[in-house]
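Taking the hints into account, I'd like the entire structure generated from these sequences.
Chains as they are written, first to last, in this note's numbering: chain A, 1 to 116; chain B, 117 to 349.
Calculated from the structure, these hints are not laboratory results. One or more hints might be untrue.
So these bits of chain A aren't anywhere near chain B, every CB distance computed over 12 angstroms [unchecked claim]:
1. Ser4
2. Leu33
3. Gln61
Examples of chain B residues lying across from chain A (beta carbon under 7 angstroms, computed) [unchecked claim]:
4. Val134
5. Tyr234
6. Ala238
All C-beta atoms in this analysis are idealised placements derived from N, C-alpha and C, irrespective of residue type, glycine included.
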Amino acid sequence: MSASLLYALAGVALCGIGLFGFITLAHLLRKLLAFNLIGSGVFLVLVGLAQRHGEPDPVPQALVLTGIVVAIAATALAVVLIRRYFHLSGHTTLRAETPERVPGRLKPQTRGDNPE
Amino acid sequence: MRRSVGIRAVAGVCLAFVIALGLAVLGIAETPAHVDLPELLLESMGQSGVEHPVTAVLLNFRSYDTLLEIGVLVIAGIAGISVSRTTSLEDPELRTSDSLLYALQRWFVPLMLVLAGYLLWAGADRPGGAFQAGAVLAATGVMMRLGGIPMDFLRPGILLRLGLALGFAVFLLIALASAIGGEAFLAYPPAVAKQLIILIETVLTLSIAMVLLALFVSAPVNRAAEPGEGESP
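Pasting the structure below:
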């Protein structure tokens, strides 16, 4: 097993951890962090797999660079949406336990955890 | 009890996902590639207009990706400032009069601006380029913002919108111009490829920095009357 393959497999592990967190965690910010973890895992797989000839391949590196910038912007947008949702509903999760508490203001459909 | 069973089921699904993905990665690693992309890239580096392979891929061979990327960024930035409740993105309440921070800024802001310029220029022949430079520029803006230096260009007016759209507009214009001029969409004339790439990278740097800064600034500020972030719902 070469070092680059180890990177790719570490990326696979990150994807798994991120997916687990994305499903089980209820808090929207934690969901967002878990989603970013999946993204980092994908980047690591792309960059790691592409170096198997010994030297890095510029094409996946450029793609990952593009992906990182998009991921940062999408994460920032998701944070803005989550904070707006929190201001409107007072909740940090998507589950509306008592919809009648703030009548007319609660918008459970405002999803903010889907940055891509 | 039911919750722990559910978590175990999710953990099992995730484990299966990891195993399947790991096997796929191992399978891909064993299969030899039909095309040697790095070799192909090295052969055509001469026509790209720049010397660094990653910049050549980003701005020339796969500039379609970069064009779409800046489009995504502009949409995210505009969505971000639309969601914001504040009429002025430059919040006077956040201004501090911390003299230490102010003195630090006087050292750091010019240095970071120079670093951003260097990164932009270095992209031609070594690691660097519009994205790194834009990130440094945005970080400079974030620091100025936290330190309370007023930034008039962040008011949600015509200037902010122009700045957000500038990179995408210039990029699209160059792409369309080459298409109208008889070449393929986004194919630069080889004679002016370097100049075009530098122009695109400069406006991209500005737009990326403004998008990131606008998104940072447009997160609504907590007011005292409203519940804090740490309180449980």
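Status of each hint after checking the structure:
1. Ser4: 8 angstroms, violated
2. Leu33: 15 angstroms, holds
3. Gln61: The claim is violated: Gln61(A) sits with its nearest Cβ about 5 angstroms from chain B, within 12 angstroms.
4. Val134: Since the shortest Cβ distance to chain A is 3 angstroms, the answer is holds.
5. Tyr234: 18 angstroms, violated
6. Ala238: For Ala238(B), the interface hint is violated, since the closest Cβ of chain A sits about 14 angstroms away, which is over 7 angstroms.
Comparing the model with each earlier hint shows violations of hints 1, 3, 5, 6; every other hint is respected.
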